[in-house]
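Asks: Numbering (our numbering), first residue to last: 22 to 156.
The reader is advised that the hints may include incorrect statements.
Label pairs and their computed distance ranges (CB to CB) [claimed, not checked]:
1. 99 x 151: 21 to 29 Å
2. 28 x 152: 49 to 57 Å
3. 150 x 108: 20 to 28 Å
4. 63 x 86: 39 to 47 Å
5. 67 x 113: 30 to 38 Å
6. 91 x 30: 14 to 22 Å
7. 121 x 151: 12 to 20 Å
8. 64 x 120: 45 to 53 Å
9. 150 x 73: 22 to 30 Å
10. 112 x 73: 26 to 34 Å
Below, computed lysine to any residue pairings styled on SDA-like, alpha-carbon distance capped at 25 Å [unchecked claim]:
11. 55 x 68
12. 70 x 85
13. 154 x 136
14. 70 x 33
15. 154 x 114
16. 70 x 86
17. 75 x 87
18. 55 x 103
19. 49 x 82
20. 143 x 37
21. 55 x 114
22. 75 x 154
No lab work stands behind these hints, which were simulated from the structure alone.
It should be emphasised that the depicted structure is a prediction, and the values quoted were computed from it without experimental measurement.
Note that beta-carbon positions come from the ideal geometry of N, C-alpha and C, so glycine has one too.
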Amino acid sequence: QSLAPEGAHVLSAIIQFAPHGLRSGWEKAREPFKNLVIDNINKYAPGIKEQIIKSELLTPEDLESEFNMSGGHWHHGEISLDQIMMMRPFPGASQYATSVNGLFLCGAGAHPGGGVMGLAGKNAAKEIIKRGKAA
Numbered sequence: 022q023s024l025a026p027e028g029a030h031v032l033s034a035i036i037q038f039a040p041h042g043l044r045s046g047w048e049k050a051r052e053p054f055k056n057l058v059i060d061n062i063n064k065y066a067p068g069i070k071e072q073i074i075k076s077e078l079l080t081p082e083d084l085e086s087e088f089n090m091s092g093g094h095w096h097h098g099e100i101s102l103d104q105i106m107m108m109r110p111f112p113g114a115s116q117y118a119t120s121v122n123g124l125f126l127c128g129a130g131a132h133p134g135g136g137v138m139g140l141a142g143k144n145a146a147k148e149i150i151k152r153g154k155a156a
């Protein structure tokens with residue numbers, strides 16, 4: 022069964038780095054932000070705006086309340102300079118290893134983050150193999 026009516030399709034757009042808290046609040050900003058996103062998509066896919074029969078915006082606050090994602094981070098943490106690359110998700114658990122012997126991270130919280138399908142898992146597997154060979 023489809024989420025879309027017969028003959029229609031679902032399009033999802035993931036917008037990176039939307040702030041959790043806004044001075045004016047997300048309820049006031051929800052529609053203008055959603056319209057800005059749709060307008061930008063329409064620049065690259067002309068005419069798509071007229072094809073939309075329903076749209077929904079999940080804000081970071083929505084992600085936190087509906088899916089229990091702390092801070093509304095679908096990457097399991099902020100994508101900021103202190104939490105990327107070798108410091109992701111944080112320095113004590115970077116490079117896919119944790120302080121628990123044999124426990125490795127391979128989800129959206131590990132480098133390169135969510136949205137890069139399977140790459141964190143592949144990288145974690147490589148690290149496990151490398152450590153096994155060194156043992």
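Asks: Would you mind marking each hint as holding or not holding in the structure?
Replies: To see whether the hints hold, each was checked on the structure:
In this structure the hint that residue 99 and residue 151 lie 21 to 29 Å apart at CB holds, the actual value being about 28 Å. A beta carbon spacing of about 52 Å between residue 28 and residue 152 agrees with the range 49 to 57 Å that was offered as a hint. Checking the proposed 20 to 28 Å range against residue 150 and residue 108 shows it holds: the Cβ atoms sit about 23 Å from each other. Between residue 63 and residue 86 the Cβ separation comes to about 29 Å, which falls outside the hinted range of 39 to 47 Å.
The given range of 30 to 38 Å is broken by residue 67 and residue 113, whose C-beta atoms sit roughly 48 Å from each other. At roughly 32 Å, the beta carbons of residue 91 and residue 30 sit outside the given window of 14 to 22 Å. Distance hint check: the CB atoms of residue 121 and residue 151 are about 18 Å apart, consistent with the given range 12 to 20 Å. Taken as a hint, the range 45 to 53 Å holds for the pair residue 64 and residue 120, whose Cβ atoms sit roughly 47 Å apart.
For the hinted restraint 22 to 30 Å between residue 150 and residue 73, the CB-CB distance of approximately 46 Å leaves it violated. The hinted range of 26 to 34 Å is not satisfied by residue 112 and residue 73, whose Cβ atoms lie roughly 43 Å apart. Taking the CA atoms of residue 55 and residue 68, the gap is near 17 Å; set against the 25 Å cutoff, the hint holds. A distance of roughly 28 Å separates the Cα atoms of residue 70 and residue 85; the hinted pair therefore is violated under the 25 Å criterion.
For the suggested pair residue 154 and residue 136, the alpha carbons sit about 30 Å apart, so the restraint of at most 25 Å is broken. Note on residue 70 and residue 33: the hinted pairing holds, with a Cα-Cα distance of about 13 Å set against a maximum of 25 Å. For a cut-off of 25 Å, the pair hint linking residue 154 to residue 114 stands: about 21 Å separates their Cα positions. At most 25 Å may separate the alpha-carbon atoms for a hinted pair to count; residue 70 and residue 86 exceed this at roughly 29 Å.
As the CA atoms of residue 75 and residue 87 are separated by approximately 20 Å, the hinted pair is consistent with the 25 Å bound. With a CA separation close to 29 Å, the supplied pair residue 55 and residue 103 exceeds the 25 Å bound. Proposed proximity of residue 49 and residue 82 is supported: the alpha carbons are some 13 Å apart, at most 25 Å. With a CA separation close to 23 Å, the supplied pair residue 143 and residue 37 stays within the 25 Å bound.
Proposed proximity of residue 55 and residue 114 is contradicted: the alpha carbons are some 35 Å apart, above 25 Å. For the hint linking residue 75 to residue 154, the alpha-carbon distance of about 53 Å lies beyond 25 Å, and the restraint is violated.
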